[in-house]
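With the hints as constraints, model all of the structure from the sequences given.
Start counting the sequence shown at 328; every next residue gets the next number (this note's numbering).
Simulated from the structure, these hints should not be mistaken for laboratory data. By construction, the Cβ of each residue, glycine as well, lies at the ideal position given by its N, Cα and C atoms. Heads up, a few of these hints could be off.
As the list claims (entries may be wrong) - Subject to a maximum C-alpha distance of 27 Å in a straight line, what follows is the list of computed DSSO-like cross-link-like pairs (lysine-lysine):
#, residue 1, residue 2
1, Lys382, Lys335
2, Lys394, Lys335
3, Lys332, Lys382
Said to hold, decoys possible - Beta-carbon label-pair distances, calculated as ranges:
#, residue 1, residue 2, range
4, Glu352, Asn331, 44 to 52 Å
5, Glu392, Cys370, 27 to 35 Å
6, Ile377, Glu352, 19 to 27 Å
7, Gly383, Phe353, 36 to 44 Å
8, Pro342, Arg378, 14 to 22 Å
9, Pro356, Gln395, 23 to 31 Å
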Amino acid sequence: ESLNKLMKNLYSTHPHFVRCIIPNEFKQPGEVDAHLVLHQLQCNGVLEGIRICRKGFPNRLVHSEFKQ
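Structure follows, in structure tokens:
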């Protein structure tokens, strides 16, 4: 029952998350350190979120909804 209440609560909300990723240690424009970016994505849980979505729990917005 508590899981159902939690899921109902989650479905009634519209959370959005913004993750800032540093492209390189020197903050130089146009340079991307792939290992640094990957490490940040792993630590922030972004990659795990992508894996979960691929397993059948997608959450997609059309561009016009995203803009709002």
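(Q) Quick check on a hinted range of 27 to 35 Å for Glu392 and Cys370, using CB atoms only. (A) Distance hint for Glu392, Cys370 holds at roughly 29 Å.
Q: Starting from the range 14 to 22 Å, see whether the pair Pro342 and Arg378 falls in it by beta-carbon distance.
A: Given a distance of about 19 Å, which is inside 14 to 22 Å, the answer is holds.
Q) Does the Cβ pair Pro356, Gln395 satisfy 23 to 31 Å? A) This hint holds: roughly 30 Å between Cβ atoms.
Q. Given the proposed pairing of Lys394 with Lys335, does the C-alpha separation stay at or below 27 Å?
A. holds (25 Å)
Q. Do Glu352 and Asn331 keep their Cβ atoms within the hinted range of 44 to 52 Å?
A. For Glu352 and Asn331 the Cβ distance comes to about 46 Å; the hint holds.
Q) Is the hinted range of 36 to 44 Å satisfied by the C-beta distance from Gly383 to Phe353? A) holds (40 Å)
Q: Would you mind confirming whether the straight-line C-alpha gap from Lys332 to Lys382 stays at or under 27 Å?
A: holds (23 Å)
Q.
Just to be careful, I want the Cα atoms of Lys382 and Lys335 compared with a cutoff of 27 Å; is the pair within it?
A. holds (21 Å)
Q) Does the hinted range 19 to 27 Å hold for Ile377 and Glu352 at CB? A) holds (24 Å)
This entry satisfies every hint, going by the numbered hints stated previously.
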